[in-house]
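Hey, can you piece these two chains together into the complex? The hints should help.
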Amino acid sequence: MNTVEDKILTLLQEARPEFDFEDSEDFITDGMLDSFDVVQLVTSLDETFGISIDGTDILPENFGSVDKIMALLHKNGVTT
Amino acid sequence: MKLKFNNKKITGILNILPSREVQFEDNIDNYNFSRAQSMKLKLIMGYDKRRIVKEETVSDLCICGFNYLFQKGVLKKDDLDALILVTQSPDYFMPPTSHVIHGALGLKQDMVCMDINQGCSGYVIGLNQAFQLLNQEEINKVALLNADTLSKKVSPKDRNNNPQIGDGASITIIEKDQKESTIYGTVKVEGKGADVLIIPAGGYKTPSTAETSLMKEDDAGNVRSLDHLMMKGDEVFNFVQREIPTMVEELLAEANTEKSEVDYFMFHQPNKFMLKKLADKMKVAYQKMPNNIVERFGNSSGVSIPTTIAFNIGEKLEKESFSICLAGFGVGLSWASILLRLGPLDFCEIIDYK
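These protein sequence lines map, in sequence, to chains A and B.
The first sequence finishes on residue 80 if you use the numbering used here, and the numbering steps up by one all the way, no holes.
The second sequence finishes on residue 354 if you use the numbering used here, and the numbering steps up by one all the way, no holes.
Hints listed in this document are in silico derivations from the structure and should not be mistaken for laboratory results.
Don't be surprised by glycine CBs; every beta carbon is placed ideally from N, CA and C.
Incorrect hints may appear among the rest.
[Claimed, not checked] List of simulated lysine to aspartate or glutamate pairs, EDC-like, C-alpha gap at most 16 Å:
| no. | chain 1 | residue 1 | chain 2 | residue 2 |
| --- | --- | --- | --- | --- |
| 1 | B | LYS276 | A | ASP57 |
| 2 | B | LYS283 | A | ASP37 |
| 3 | B | LYS152 | B | GLU235 |
| 4 | B | LYS272 | A | ASP46 |
| 5 | B | LYS49 | B | GLU25 |
| 6 | B | LYS49 | B | GLU295 |
| 7 | B | LYS40 | A | ASP37 |
| 8 | B | LYS40 | A | GLU14 |
| 9 | B | LYS281 | A | ASP57 |
| 10 | B | LYS2 | B | GLU243 |
| 11 | B | LYS40 | A | ASP34 |
| 12 | B | LYS40 | B | ASP29 |
[What the hints assert, rightly or not] Chain B is faced by these chain A residues, among others (derived, beta-carbon under 8 Å):
| no. | residue |
| --- | --- |
| 13 | ASP34 |
| 14 | SER35 |
| 15 | VAL39 |
| 16 | THR43 |
| 17 | GLY50 |
| 18 | LEU59 |
[To be verified] To list a few chain B residues with every Cβ distance to chain A over 10 Å, as calculated:
| no. | residue |
| --- | --- |
| 19 | ILE139 |
| 20 | ILE199 |
| 21 | PHE347 |
So here's chain B without its partners, still in its complex pose (with noise of 0.2 Å):
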């Protein structure tokens, strides 16, 4: 589906990342391959380090950063007039994460709130949410928070998953642009692929118990148990390299753009080896897609988008603006681009959880 949103901006995107650091060997002696094997996964897929939370939450992440822009006073509560939160790990059932976010910094009472449950299309669907509220009178200035701290879910035992698994949380502001702007964006889904990519356990279809406790091992040598986050590595794998050119290819043409015209495609990054048989798909020069925060941070789900934007061009876009093409794929299946103007921006930066 094409969208199109005029007049809306992005005006600041700050990363939340858990101080916590893990490296790709702290878990070697873990996975039922050989070290030789492991190592080789290692140099191709790009793990290395990566950040985990301890013990905090999405909610801990979110309040971290709003506390943050509050205090260095490029925020001001009584702006927000939304506040979306995207993330497939809430701090509860119920309420709303959101909610809980939004008691916790006192909020006004005349907003909308909302829960957004999507993983690592995540941050662009919920940036489309983010300006369709906007369209809206009363509506000035939407934060969008995308979380996740999937690592909780994530076997120990599980070589496919675990080494590229990341946490964080990221804020995003989003305005009323009172220049002539114009946004575009696609969005798309295949919910028959909603197996591909799975926590099969602890929901209401099949609640957690003992026996979804249960570590088994799979085909592969990966051990985990239904409680654990599985996914089918080639069928996204296929998916992506399938899908996402031909979604962008649709979207640069509604936007009558061309690739060369685009200074950035900041797109989701699951691992090293997918996103660069991308680029070479889409023939996109490597320096104009980054792929290197897997390596660094790891796989966090949508937020591993503004992290990309933040970690690669956060300084220049304090100052400049940049064509950008975003895309998310994933878990869903899901798959949603954005092609914009970004910046100057108020803020966009990465700072540790404290």
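With the rest of the complex left out, here is chain A (with noise of 0.2 Å):
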């Protein structure tokens, strides 16, 4: 059964196929993730965890790693 974080890193897989996001501490200072992947990956989130995230949160930092992507799902009811 594929866990959150398994389902967080399979989305940024289908958002930047070339990169590996398991080899990075930070997706933006990296450059792996531009504002529209992050548009692209929210769409995502929302669809497959059945949330909206707050548009106040759609900022680059909060979608840094995967635990930082992990803590917004968190804050929307997913729990792991």
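This is the structure in structure tokens:
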């Protein structure tokens, strides 16, 4: 059974298949996600977990790592 | 700032759209991104078809609209006491384009005629101005024109802006209301965000030169010059999500109106993602906040608001009335809203420019 972390990694991989997200500590500073990738990721996360991430939380710093994305999901009631 | 207007009403809305339609795919090879990436953008942002001008200008679109209304017999030249044009794409730096329109139509001399430089919140700001003019004894009927042809100022290689930009014009007639009625409004500005949406060159500060026309690639891969429209998309998105829900809450509180009592939230249409997120944050049902204009006509700045009204409930508004909240937000930065009872209207439709 896929964990939330696995699902996040799958969605990241779908957004930018050319990168290995497990090797990065900060996706934004490492240049792996741009602003449109973040928008695409938000759309995928919303659909996958049946949530709507608050528009004011759609800031690059909230998408820098799997842990940060998980924190955002927890804020929206997604449990591991 | 809170605004309140008594005994004023909108009596007609006409939108005039260029007949030239372009598809998202027509420009896809111009962008510095893979086709697959661009197609994802199309899906998420709701980009598809849009209307853009060829050679026609703001005055051409407005004159076409007026002639349509005169010929249809729903508007008489001599009844107009004021003409307000809200645009960021005037025919000339001088004279005001409203005066060009006035001259072409042969309107009377005894009237107020002015241009206002505003963008995505311009329709709402223009309505505020029209309501204020109607406090004058001699002003009984105002024509608010909102028109833009900004596609001419967008780089065809700018994937951030080019797929969304649309052109268009609208004519809204505002009159004194013989019945007791109140319209509530708010208007806000943050000039520190003036560079968030800007055409850097071409004005008196930085005149257009060979140097300003040089095309350069930004960090995201978009290619444009200083003569082109530039937008910091992230900042605009965050500004909208942060400020608009609060503004609407304040407006409804002032009007002592519950969200559930509003029939429609007719907002500016920047892109599908931004508006969907706004509806979610405001807890407004999607069917009460139409989000279907950018995919059909493009984002035509403030004109997207009357276009949203006419496209979605134009026919109904010729017979019925609804409680409607309008909101515009963008360049300036500025954001403004209005709560009013709209309808029945003498006309509410969309025509193609001919």
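Consistency of the hints with the structure:
no., hint, in the structure
1, LYS276/B x ASP57/A, "holds, 15 Å"
2, LYS283/B x ASP37/A, "violated, 25 Å"
3, LYS152/B x GLU235/B, "violated, 23 Å"
4, LYS272/B x ASP46/A, "holds, 15 Å"
5, LYS49/B x GLU25/B, "holds, 9 Å"
6, LYS49/B x GLU295/B, "holds, 6 Å"
7, LYS40/B x ASP37/A, "holds, 10 Å"
8, LYS40/B x GLU14/A, "holds, 11 Å"
9, LYS281/B x ASP57/A, "holds, 11 Å"
10, LYS2/B x GLU243/B, "holds, 15 Å"
11, LYS40/B x ASP34/A, "holds, 14 Å"
12, LYS40/B x ASP29/B, "holds, 15 Å"
13, ASP34, "holds, 6 Å"
14, SER35, "holds, 5 Å"
15, VAL39, "holds, 6 Å"
16, THR43, "holds, 5 Å"
17, GLY50, "violated, 12 Å"
18, LEU59, "holds, 7 Å"
19, ILE139, "holds, 40 Å"
20, ILE199, "holds, 21 Å"
21, PHE347, "holds, 36 Å"
Violated hints, in rising order: 2, 3, 17; the structure is consistent with all others.
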